[in-house]
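J.: Chain residues, written in single-letter form:
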Amino acid sequence: MTAMVDIRSVHKSFGSLEVLRGIDLEVRSGEVAVVLGPSGSGKSTLLRAINHLEKVDSGWISVAGSLVGYRRQGDRLYELREREILKQRTRIGFVFQNFNLFPHLTVLENIVEAPVSALRRPRKEAVRAAEALLARVGLADKAAAYPRQLSGGQQQRVAIARALALEPELLLFDEPTSALDPELVGEVLDVIKDLAHQGTTMIVVTHEIGFAREVADTVVFMDDGRIVERGAPAEVLDAPRHERTKAFLSKVL
Amino acid sequence: MSLTSDPPVGKAAANGAEREDYSALKVVPVRHPWRWAAVVVTAVLVAQFAHGLITNPGWEWDVFADFFTTRTILKAVWITIQLTFYGTALGFALGIVLAFMRLSRSPFLKSVAFTYIWAFRSIPLIVQLLFWFNLTYLYKRLDFGIPFGPGFFSFDTAGLVGAMSAAVLGLALHQAAYAAEIVRGGVLAVDGGQLEAAAALGIPRLRQLRRIVLPQAMRSILPNAANEVISLFKGTSIVSVMAIGELFYQVQVIYGRNGRVVPLLMVATVWYIILTTVLSIAQYYVERHFSRGATR
Ligand SMILES: Nc1ncnc2c1ncn2[C@@H]1O[C@H](COP(=O)(O)OP(=O)(O)O)[C@@H](O)[C@H]1O
Ligand SMILES: [Mg+2]
Chain A
1 MTAMVDIRSV
11 HKSFGSLEVL
21 RGIDLEVRSG
31 EVAVVLGPSG
41 SGKSTLLRAI
51 NHLEKVDSGW
61 ISVAGSLVGY
71 RRQGDRLYEL
81 REREILKQRT
91 RIGFVFQNFN
101 LFPHLTVLEN
111 IVEAPVSALR
121 RPRKEAVRAA
131 EALLARVGLA
141 DKAAAYPRQL
151 SGGQQQRVAI
161 ARALALEPEL
171 LLFDEPTSAL
181 DPELVGEVLD
191 VIKDLAHQGT
201 TMIVVTHEIG
211 FAREVADTVV
221 FMDDGRIVER
231 GAPAEVLDAP
241 RHERTKAFLS
251 KVL
Chain B
254 MSLTSDPPVG
264 KAAANGAERE
274 DYSALKVVPV
284 RHPWRWAAVV
294 VTAVLVAQFA
304 HGLITNPGWE
314 WDVFADFFTT
324 RTILKAVWIT
334 IQLTFYGTAL
344 GFALGIVLAF
354 MRLSRSPFLK
364 SVAFTYIWAF
374 RSIPLIVQLL
384 FWFNLTYLYK
394 RLDFGIPFGP
404 GFFSFDTAGL
414 VGAMSAAVLG
424 LALHQAAYAA
434 EIVRGGVLAV
444 DGGQLEAAAA
454 LGIPRLRQLR
464 RIVLPQAMRS
474 ILPNAANEVI
484 SLFKGTSIVS
494 VMAIGELFYQ
504 VQVIYGRNGR
514 VVPLLMVATV
524 WYIILTTVLS
534 IAQYYVERHF
544 SRGATR
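For the protein sequence lines, the chains are A and B, in the order given.
Read in order, the letters of the first sequence correspond to residues 1 to 253 in my numbering.
Read in order, the letters of the second sequence correspond to residues 254 to 549 in my numbering.
Possibly wrong hints are sitting among the right ones.
What the hints assert, rightly or not - Pair ranges (Cβ atoms, derived):
id	chain 1	residue 1	chain 2	residue 2	range
1	B	Tyr537	A	Glu183	34 to 44 Å
2	A	Pro38	B	Ser276	49 to 59 Å
3	A	Glu183	B	Arg545	48 to 58 Å
4	B	Val380	A	Leu77	49 to 59 Å
5	A	Trp60	B	Tyr537	35 to 45 Å
6	B	Gly438	A	Pro38	33 to 43 Å
7	A	Glu183	B	Val294	51 to 61 Å
8	A	Glu183	B	Ser276	32 to 42 Å
9	A	Ser178	B	Thr530	25 to 35 Å
10	A	Asp181	B	Ser276	51 to 61 Å
11	B	Asn387	A	Pro122	49 to 59 Å
12	B	Phe338	A	Ser62	52 to 62 Å
13	B	Leu441	A	Gly22	31 to 41 Å
14	B	Pro457	A	Lys193	27 to 37 Å
Said to hold, decoys possible - To spell it out: a stretch of chain A is covered by chain B in this simulated footprint if at least three of its residues, at any positions, have a beta carbon under 8 Å from a beta carbon of chain B; those stretches are:
id	region
15	79 to 89
16	102 to 116
17	185 to 198
For the record, the hints were derived by calculation from the structure and aren't laboratory data.
All values derive from a computational prediction rather than experimental measurement.
Idealized CB from N, CA, C, for every residue including glycine.
Put together the whole structure using the sequences plus the hints.
T.: Put into C-alpha cells, the structure is as follows:
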C-alpha cells in the first residue's frame, strides 16, 4: 500500500505558542484515520497544514506523492506560488466545522463553483455532476435552495458534496458534526460512513467515539501538539496505554 | 424552603371542565390620548406650512415654473449628473484599489494607501478643488508617456475642458478616500471562513474576490455607498466655485441677473430632490439584488 499522506516531523508555532511539536503520521491510500484529542491539542492546525491553509515551520507533508507547498527540482525545493498551491488544493477536499457554504449562492452554484473556476470543467458537465452528488447525499430536491434555508445537517451534507465535486484523492473533515444539533449528527455521519465504505482516503477529526469505532482503520490520539498514541480502534479506544488517552476517553465516553 | 413560588393552583387549572371561555369577552385596546394630541398639533403645523408654500407670493411659483425646465437649467442638471457619475465611478474604482492595498500584506502598499486616505480625508473638498483648479494654471500641459521619460501625447489644460476635468479629478480623489474605507469595511465584514473555504476549493484568487467576497461585502457596502453618492451629488454644488455651469452655479447666475433668489433656489432644490429620489429608488433595487440568500 502506498502512503497517501506522509507527515514527517512537522512543527508549527503561533508566536511563542508551539502548537505542533513534531508530528509523524502516515495514512495509506483507502485508509480512514480518525483523530481524537482535547480542544487546543492542534488537531485543526494539523488538518489545515495538510491542505496548506497553514504553513508549517519545519518538517514535510506530502500528499499523493507530491510535497505540499513545494516543488522539487534536482536538489532544490522551490516554494510554490499561490496559483500552484490552489491547484494542489483541488486534490484535497476539506469539510469545515461551520460548513462555510457561500450564502449568496444556491446549493447547486456552491457545488459547481470550484469545478468550473478551478478545474475549468464545462459548466454543463459540472452541473450534471453536482446534481448526481446532491442525489448521493440525499438532497436532490434542494439544488435551488440557498444555504440558510437548510438545516445544519443538510448544509453539512452540501458542504461534503461541494468537496467531492473536485474528485479529491483525500478528504479532510474538521469536526464535521460539532456545530450540529444532536438529532442531525446521524445523517452527516451516515454520508461520511458511506464514503469510507467506498474506499475514500480520509482523515476525520471528531469527538464521535462510536463513529471512530465503526469506520476508523486507525485512531490517532493527539495531546498538546503531539501524537500520543495511534493504532486500531480496538487498541486505542478499548485498551489505551497512555494516561492522557485514558483521561480523555473517560470524559467523552 | 424555596426562592421560587409555585404558580397558584386554582379551580380552573385543576379541573378542565370549569376553564373560563375567554373568547366570549370583548377586547378593549389601549388608548393613546397623547399620541392623538401630537398628531393633531403636527397636522395643523403641516397644513399651515403647505398653505404658506402655495399662497405666499414670496415663493413666486410662476417664476419657478418659467425656469424649471429651461434649456440652461436642463443643461446644468446634465452637468451635475455627469460630475456625480464620473466622480463616483472614478472615485470608487480608485477606492477599491486603495481598499485592497490597505488589506494587502505588503507594508509599503498598506502605508501608501493609509497615507492617501489620511491626506484626502483631512483636506476640505473646497480647498482641494480650488487647488486643482489653480494647478491647471501651474501645469499648462499634461504629458502622457514613460515616467520621467519622453512623452507620447499631451494636451493643454486651459479652457473649460480643463476646469471640468479638474472638478472631476477633485471630486474623484476626494471620493476615493471615503470609498476605500467603505469597501474595506465591507470586505472585513465578510466571515473569514468564506475566503478559507474558497482557498480550500482552489478557486483562483481574483475569482475568490469577485465571486465570493465582493458580492457578500456589497450588502454592507451598498447603504454607505449610496449615502456617499447622494452626498457627492449634492456636493457637486461646491464646484460652482470653479465657475463650472452645474446646477447651483447656473441658478446663482440667473438670480444674479433677475434678482428672483427664492424661486430659483427652489428650482435647484426640487431638481436635487428629484434626482436624490431616483438614486434612492435605484438603491432599493440594487440592495435587493445583493440580498440573495439572506434571511435577514
Ligand atoms: N491562527 C492562529 N493564531 C494563533 N493561535 C492559533 C491560531 N490557530 C490556532 N491557534 C492556537 O493553537 C492551538 C491549537 O489550535 P487547534 O489546532 O485549533 O486545536 P484543536 O483543533 O485541537 O482544538 C490553540 O491553542 C489555538 O488557540
Ligand atoms: Mg479544532
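J.: Work down the list of hints and note, for each, if the structure agrees.
T.: Hint check results:
1. The beta-carbon spacing between B/Tyr537 and A/Glu183, approximately 40 Å, falls within the hinted interval of 34 to 44 Å.
2. Distance hint check: the CB atoms of A/Pro38 and B/Ser276 are about 57 Å apart, consistent with the given range 49 to 59 Å.
3. Between A/Glu183 and B/Arg545, the C-beta spacing of about 29 Å breaks the proposed range 48 to 58 Å.
4. In this structure the supplied range 49 to 59 Å holds for B/Val380 paired with A/Leu77, their Cβ-Cβ distance being about 56 Å.
5. Hint check: A/Trp60 to B/Tyr537, Cβ distance near 55 Å, so the stated range 35 to 45 Å is violated.
6. The hinted range of 33 to 43 Å is satisfied by B/Gly438 and A/Pro38, whose Cβ atoms lie roughly 37 Å apart.
7. Taking 51 to 61 Å as the suggested C-beta distance range, the pair A/Glu183 and B/Val294 conforms, at roughly 57 Å.
8. Checked against the given bound of 32 to 42 Å, the beta carbons of A/Glu183 and B/Ser276, roughly 37 Å apart, stay inside it.
9. Between A/Ser178 and B/Thr530 the C-beta distance comes to about 50 Å, which lies outside the given range of 25 to 35 Å.
10. At roughly 37 Å, the beta-carbon separation of A/Asp181 and B/Ser276 lies outside the given 51 to 61 Å, and the hint is violated.
11. At roughly 58 Å, the beta-carbon separation of B/Asn387 and A/Pro122 lies within the given 49 to 59 Å, and the hint holds.
12. Remark: the range hint 52 to 62 Å for B/Phe338 to A/Ser62 is upheld by a beta-carbon distance near 55 Å.
13. The hinted range of 31 to 41 Å is satisfied by B/Leu441 and A/Gly22, whose Cβ atoms lie roughly 36 Å apart.
14. Between B/Pro457 and A/Lys193 the beta carbons are some 33 Å apart, a value that agrees with the proposed interval 27 to 37 Å.
15. Residues of the region 79 to 89 of chain A lying with their CB closer than 8 Å to a CB of chain B number 6, which satisfies the three-residue condition for coverage.
16. Counting residues of the region 102 to 116 of chain A whose C-beta sits closer than 8 Å to any C-beta of chain B gives 7, which meets the bar of three, so the coverage hint holds.
17. For the region 185 to 198 of chain A, the proposed coverage by chain B is not satisfied: 0 residues have a C-beta within less than 8 Å of a C-beta in that chain, short of the threshold of three.
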